[in-house]
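A.B. asks: Listed below, chain by chain, are the residues.
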Amino acid sequence: MGVFQQPVKVRGMRISEDIEKRKGTILRIQRMSTEDGPGIRSTVFFKGCPLSCVWCHNPESISEKRQIHWVKSKCIGCLSCVPVCTAGALTATDDGIIINRAGCSLCDVCSQACPTTALAIYGEELGVDDLVRELLKDRMYFEKSGGGVTLSGGEPAMQPAFAKALLSSLKRHGVYTALDTCGQCSWETLEALLPHTDLVLYDLKEADSEKHRQFTGTTNARILENLKSLARFMWECGLPRKLWIRTPLIPDCTATAGNLKRIGEFIREHLGSLTGRWELCTFNNLCIDKYDGLGIDWGFRNCSLMSEAEANSLAAAAAGSGVDPGIIHISGPMSREVRSEA
Amino acid sequence: MSMVAAAQSMHRIKEPKNLSGRIVWLRDYYFTGARRAWNNEFTSWTTGTSWDIQFDEMTFYIVPETYPFLQTFRSSMQQTAREVTLHPDFWAWSLPERKAWFVKEVMVNHVPQEILPGDLIAGGRFNIQTSKCWTKKEAEDRDRLIYGKKGARARMKWFHDHGYGNAGATSGHLIPGYERALRIGWRGIREEIAGHYDILGSGDQAGPRGAQLRAMMVAAAMPGELAGKYAAHCEMLASVEKDPVRGDELRQMVVNLRRVPGEPVQTFWEAVQALWLTHMLVMSDENYPGPGVSFGRIDQYLYPYWQHSLAHGMEREFGKEILKCLWIHANTAYDAMIRIGKNGITAGYGQLITLSGRGEGGRDMTNDLTYAILEVIDEMSPILEPKPNVRLHRNSPDELLDRVVEMISTSQGAPFLLNFDERSMAGMMQEATKAHVERLIHEGNVHEYAPVGCLENTMVGNDRSGTVDNNLNLLKAVELALNNGRDLNEFVDPITLKREKIRQDGPATGDATEYHAWDDFWKAYAVQTRDIIRRCAALYEESESIRARFCPTPYLSCLVKGCAAKGLDITQGGAELNFTTLEAVTFATTVDSLLAIKYLVFDRRECTLSDLLTALKANWQGFEVLQAKVRFKAPKYGRDDDEADEMAGKVMDLWCDETWKYRTISTNRRFRPGMLSWNYWVGDGFILPASPDGRPKGRFLSNAICPSNGADINGPTANANSVGKVMGGKAGDGKGDFEGYCNCLPNGASHTITINPSLLRDKEHKAKFKAFLKGYAENGGSCLQINMLDAEMLKDAQRRPEEYQSLLVRITGYNAYFTSIGRELQDEVIARISHDSL
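As given, the protein sequences belong to chains A and B, one line each in that order.
Heads up: the first sequence begins at 0 in numbering that gives the first Met the number 0, then just goes up one per residue.
Heads up: the second sequence begins at 0 in numbering that gives the first Met the number 0, then just goes up one per residue.
Just chain B, with the same shape it has in the complex (with noise of 0.2 Å):
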């Protein structure tokens, strides 16, 4: 009798809207893409030396797609390099004071400044690849430790070739301390950084120390310097423009730049001019466009100066044309390798802000200016930088909730990330026990922490957590439990072919196939999961040491709370909060492995686990009535089926437990759990073999925390039940981790729903979402993504790409333009259009 309502086709791509003939012109310019006669692309600089180089390859070793081309960026970013004269004390001084000094002499003496036709923020140019500093002794002792048969990329190469994962030191994925660079300006900083400098004794300040501080202070002075330059070149524009209105302008901007950012903000002009030079310096500083350089609470710690300026008569459409400026700004990060491709090297970018979210005792902190913030992503819709997440929470407001669902509901995907306050507190807090850093992260400042990326959850400031720094899956215990510590098949390089023999590569935990219970697999697969999670740690050590010794960044350490105190680099554990993340990857594919086998062998003994090894070492070829047994037979996490749910929360307590054991040794950073897949997920999917889950070698491995593919046939509510469960659930005494919630993983996880449009195509089933959302925030997971896309439009994208250039895509918590991202990849963007309510 029940009516079911089918999917309406909306069948269309989000315009943007509600734009001034300066905001159309600088975002049509910016999408001519490589044919922009400006641009952002990488400009390369040397100190000279025949030693010298700039790419630093252990920042991309968690970008696999990048591997084959290491030596080649190296050599190219060498080759094109213009030389800078240095000062003639350059050799004398330290690695630090040489870094700081150098970018310092580059951003400000040697890349050009431009603002582009009618733009109001200056800060044009920042990607680049500065040289290392190093002195010759320094370049080869470096080499040394990356090449080579032992060395760090040989090994990194080894754990992602047998399907392990990636770890490697990576740039950015932090919050620097923006709000105090606005409050008391880079002089301030500095001034800070002179003060710790001066109560250090003589021989500390001949040392690491002082020679640390004595670069921060080099690279305090760059936003200044260079703020003087954008004053100049602005003063020329507006002595030969003719236009009244932007020769105003013009001049307005010179009066900014004259004062910010060294001096403390006091308009909102000024604030986003000084956020965008001080943001930007830090993908400069650190070589490296946009990696998760997030700017944290963005609506919170701009809207004084917002109220400000709107007291003083600013109309509210011209803050949110400077913020379009912002938008415009943030976007061109994509510029520093726009020649070189689409599919994943440049499709990842996370300059993170937050939205909304509790304060002080659970008060709702949304204010006008985070509606202004929501109507500027509406508007400039679709576009990937600044990436939005918008914190939800117990209390937040229904117009906040119906605001998001709106914005949901009429973009292809919602234009932001959904971050859950309770849930991502609770995990804060664990994360404050674990580590005994209490005096850092309790219950009165908990609220102010935000994410990172995408959704990594840290502080603000003073924390670096390493996000996306190891990246192991998980169900390569699984493998090497089912073969006594052994791979299943041979390796075989895809580039030479050269066969690889099978070692004895993790502990030999026994012959599985004479196993007679369940309990004797799970301990061979918890004995494997803790040697894979050893590994990572002592991988993760290698890129982290040979960071710390050699690629000091001076000038993001001055935006993070803790380096001046220590007079340590941020690379060397400077920040008050140092943690590294091991994202799990694979975790539906594992538990649902797990399940399969104890379902098959063990419980209903519908095979042998010999007969369920020769299957997968034949890729399930031949073996496809037990593969279809166990794709729709045996049972699933994801269902919100306590048993199933049950294995997955005793595959995350494992890792989660034995992830909190390991430090780093060079940095004493502790380790601590996330979920986060990126695009992981998918071409391990090439590399791992086939597991016991029925999923052949070739086919995507489960994203996240989400549930592997088409294993959530309860629809929605029972996929999210599931997530919040073997995060933790709540507790049953109401205190938990946090206001009853519990949270093993600080780092948050990913978790992406696809809907149906149907489900939000009049304003009563919006209500019915925005209900969801509120049971999502009880009940569920960390962070919350959307799709709500329409399989039939993809499939048009995939015949027409030309016409969905700019259809947009989620994919584990970053943004991709559909059309760019590979055939794989959107076919399983089309499979996994489920949750019709058919």
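Bound conformation, chain A alone (with noise of 0.2 Å):
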């Protein structure tokens, strides 16, 4: 247990208690979560990834940095905005608030005029004692569901020193924490997250490197390599307690049957008995409005959701690498059955 008390080092950098004093870049926390682990949890998002996946869900986690974004719908049009602007990056059109987004500082002062959150800046820094006691506000709800807290995103693990300090937070108050990743960053960072990680949420997203570098900007051999870190770990810690792998089923991407079958592959062979759950993620299309709202292109804008029937025979092709069906589960939304007029 040695290995939990002494200060880790990371890369030379030493994290001890002082760091509590940091802030970390935090998207949202969204409270009564019941889609990352087990229980109710309160999912914390935090900004930045590595990775840039093309079907991202929520692309206002990919930069580290601040953003500021307009939602056409809350506009009421009352150009509050434009002229407190001292840069001068912000231009009225018939089709809303355009944003000079390279001219803008981010200094927050059209948001504060803007009566309505239209504008508003997607990133706020917070401390991790700040944080922690909004997050032990449904502690009863944790303890009477088995649940907790999640770290998710973005990645948490860009934040390494800020994560480390809220879990350990969190775990000192007893709370039962979740680590989900999607395993791109240095084996050093992660490994300090894990003493005082009770869960990870792991994605393997693609198991073909090339096709990985092609959806998400990098390949997957650091992913994998950190996955049999993490297994070993695991094996010889016993922390984490729990480990589920996450599958984004993606349209014309990840969602083919020979992709979650080597994926299966993997997790039978290098991480056998230790995955307590395979989810499977399909797509949905509730981003749009956040793309919209940061100026980006979306391409899968019109992507429609998975059918019940695909998302089962996509379940069956996993099931098919001969991993325990029992860890394999569906999780999001699928397109609704229509019901016949009467």
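Treat the hints with care, as some may be off.
What the hints assert, rightly or not - The list that follows gives simulated cross-link-like pairs (lysine-lysine, DSS-like), each with its CA atoms no further than 27 Å apart:
1. Lys241(A) - Lys734(B)
2. Lys73(A) - Lys773(B)
3. Lys632(B) - Lys64(A)
4. Lys73(A) - Lys616(B)
5. Lys632(B) - Lys71(A)
6. Lys289(A) - Lys632(B)
7. Lys22(A) - Lys260(A)
8. Lys136(A) - Lys616(B)
9. Lys73(A) - Lys765(B)
10. Lys241(A) - Lys765(B)
11. Lys136(A) - Lys22(A)
Note that these hints are calculated values from the structure, not bench results.
Mind docking these for me? Both chains are given alone in their own frames, and the hints should help you get the complex.
C.D. replies: In structure tokens, the structure reads:
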């Protein structure tokens, strides 16, 4: 157990108690989250991600920097924002407010002036203590449900010192912690977080390294290596206690029988009984507004939801890899069964 | 990275299931509504005097929808009334004796006794409007108090029209001592009353106490006599019945009705029969169909009979069949005004039953009958009455919770309310301390409490707490504080278009535009709050004192402990526990308005108070930017934001403390606080002017203890935490009012959350929801209603109402058929489809 009590060295940086005073960049806290691990959870969305998946459902989480966005549906056209921008980065057009992002200094004056939150900044700097105080408000629900706090994002490992301080503070308060990671970070970074983590939610998106590069901007080499290291760590230390693998089912990308079979084989070969659950998360299009707000064109704009039959057939392909079929779960939205008109 | 689950449209209406041919027929027949050949519509009965009336408008003073019809109701009941030949001594008797005799005469000898095909329970027509039995002088005295410029009606109308709310001495809303009536029978009840009469001195016997007890003895004979009539009718039916099985049933009903409700109950069938006759006659006696006359802990007091009958060969399913007949009977209360309309008038009864809950020492009291009744509810749903409230607590068994969650997930709204014992019991204990009734409510018996109507907690069989009698809009105090004790806008009568000058109605608290600090405004608000509570209590006194003098209910008095011992009618304060509840309406709108004023004017200096006044007078038109700032940027109650919730707590403490200070003068009933908004938050939104929280006139106010519509952006746990916090939260020392819980609202508070069906889509999520309920028991309020709806389904119901006739929604503690609630309210329910977990 000694390993957990020693200060851990991460790339020459000594993580110690004084780091708790540091702040992290957080997108939001989602309370009564029922989709990010067991029980009722509060999910902390970190800002910043090393991957840039073409289908990303949380585009506001990719950049580690704060970002301004404008939501058309919330704008009442009062133009309180345009004149207050000292950089002259806002223009009112017939289609709404155009943001010159290159000129914007994120000074926050316009979003303060906006009466409706149509103009707002993604990303808020929060200290560990404030964050923990907020998260503990749902402690009773965590306890009754076997839930807790999930660090998600974005990628929590992009803010390693802060993530570690947050996890360890939560552990000191007896909160069940989960780390939702894409695995694209140094092993040392990940290793430093593990002693304070009860459950790892680990993404395996694409088995083919080249396709992985195409879809996410990087190969999967480090992700797979880290996962193997994680497995060794869990075998040796008995911590984190649980591992869930998550695979997004993205039409025309990852949602192929071959991909699921190969990921399944990896799980069977390298993780074995460690994997408590393998979640197949169906594509969803609820993030169109976010892309619009950030002024980003999204290639999946017209992509429809997966049908239940499709999802089931992919789950069957996953089971075909030889993993324990009991660990395979489908989650996320599927196209609705249209009721026949009476 | 997180994946989210979208709404999966359930898009279907709950269907009844597992019903026998008998029940299918009775249920289908019931739902044919006004087309039925048999119904339980009011019949009206008179003494035949020219001054006689039947309809008592005061009991409708809390139902603003009926105000335009009060005179019509009075006249139509008068015109259709049939004359009853009076006893030769009738006019020599006291008023309560006249009343007792008249109601009994009508129910036993004039209203026909009928049994619907296959019905296992006797007791058909009970909706009656009876003569008030007044002498000419009494009628004139009473009318003088009701009518005229300073009469009770005009004062009530003024109060309502000016946005204060409403108050009136209302029928029902209590749990009669049914358990005792079953245990000792009406013969036993009558003997007890006779015992009290016999020990009176001759002076008292000749006086009002003697008269009251004689009246109660007459009333106590009614159930037995009526049962005898039904027995004879069943005997006749049996003699011509060709089906031998039905013949045997009818013969057994004859046996039952010859014994009960006069004699102590022995079997389950007898128990349900005795319970129904005893209960329906309360509605006859009060001349009002099912206004929160509640059954109490039905799964507890019927359980010995259930066990007895099961042990003696009753099939469990047959026991449920008997209960299903009771369900049909309870719904016929709605027939009273079956041809008048659905909007508000007939959509809000509440013959509440209570299931499960704590017993002595925190023991869970769930039993086989609890589950059998839940099965009945599930199989009969959707159906309105009797309305169930399941009491949950820290030690509720998983089996019960699983059943509850399963039922929530398969119906379009939870088919019951959920009461939370520890928070509720803390409220009752605080009531005991505040009102010095520790002898009657204490650690040893507080678990016997039960909710009335929807969620209004009271003790059982000895308590009338007037749970819907005073409904005060707290927001009125904000308006008066903003404008130095004067209304913001001129009152224009909506019918006559007559304008009324703005007057100094409230205390002059000063010109708010000259306040320099938030505290100045708060002080003005506090003064105005105290004044509107004073006004409400004074208004209530009007109808309370008239009822006490002119409207005895001797039959009901037999069922409420205290009345016989005191020789005092329940309308005169006869019950052992006598309260009247002030239900605060517009809580969140008020809190958010105060937060908005503090934020805009004093903290951020975004505008001056004078700007705000101008915006409010203009109904926010032309001030959209300011309005948006309030809506989107100002803090709000219901987000588990400690600063905002602290304001909510201050508002709560202020009005609660003030409420406890009042008693009725005529009947010595103490005022106690509660939060139920029935549907006032809808209607009064069209009366109260624009509010500082950004709400324009014409938009709904907040409902009961719920956060303002759309304000609870942090989800159900945050919402629940805010609610629990403002009710008092938990004590740091672990003591509080009860087991660490505090509760400043003994009546309890209505809390509704709307949950998307996707939150309950599979076993895993159901387990999470069950845990949410367990967490709610620790952190939340006293009563939760869960709407499990989906916006698309509701919009479809708006488009094609004919296909959604039986779609139930729950609005502030009462159920209504969605298609009958009116477009604005429909839109409101749709707007509340929140917590999508998106």
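A.B. asks: A separate judgement is required for each hint: does it hold in the structure or not?
C.D. replies: Going through the hints against the structure:
Taken as a hint, the Lys241(A) and Lys734(B) pair is broken in the structure, with Cα atoms around 39 Å apart against an allowance of 27 Å. A C-alpha spacing of about 36 Å is found between Lys73(A) and Lys773(B), which places the hinted pair above 27 Å, so the restraint is violated. This hinted pair checks out: Lys632(B) and Lys64(A) have alpha carbons roughly 24 Å apart, not beyond 27 Å. The suggested pairing of Lys73(A) with Lys616(B) holds, with an alpha-carbon distance near 25 Å, which does not exceed 27 Å.
Between Lys632(B) and Lys71(A), the direct Cα distance comes to roughly 18 Å. Compliance with the 27 Å bound is thereby established for this hinted pair. Between Lys289(A) and Lys632(B) the alpha-carbon distance is near 21 Å, which keeps this suggested pair within the 27 Å criterion. Proposed proximity of Lys22(A) and Lys260(A) is contradicted: the alpha carbons are some 41 Å apart, above 27 Å. For the proposed pair Lys136(A) and Lys616(B), the alpha carbon gap of about 40 Å is over 27 Å, so the pair is violated.
Note on Lys73(A) and Lys765(B): the hinted pairing is violated, with a Cα-Cα distance of about 34 Å set against a maximum of 27 Å. The straight-line distance between the Cα atoms of Lys241(A) and Lys765(B) is roughly 22 Å, inside the 27 Å bound, and the hint therefore holds. About 20 Å separates the Cα atoms of Lys136(A) and Lys22(A), which keeps this hinted pair within 27 Å; it holds.
The structure fails to meet hints 1, 2, 7, 8, 9 from the earlier list, while all remaining hints are met.
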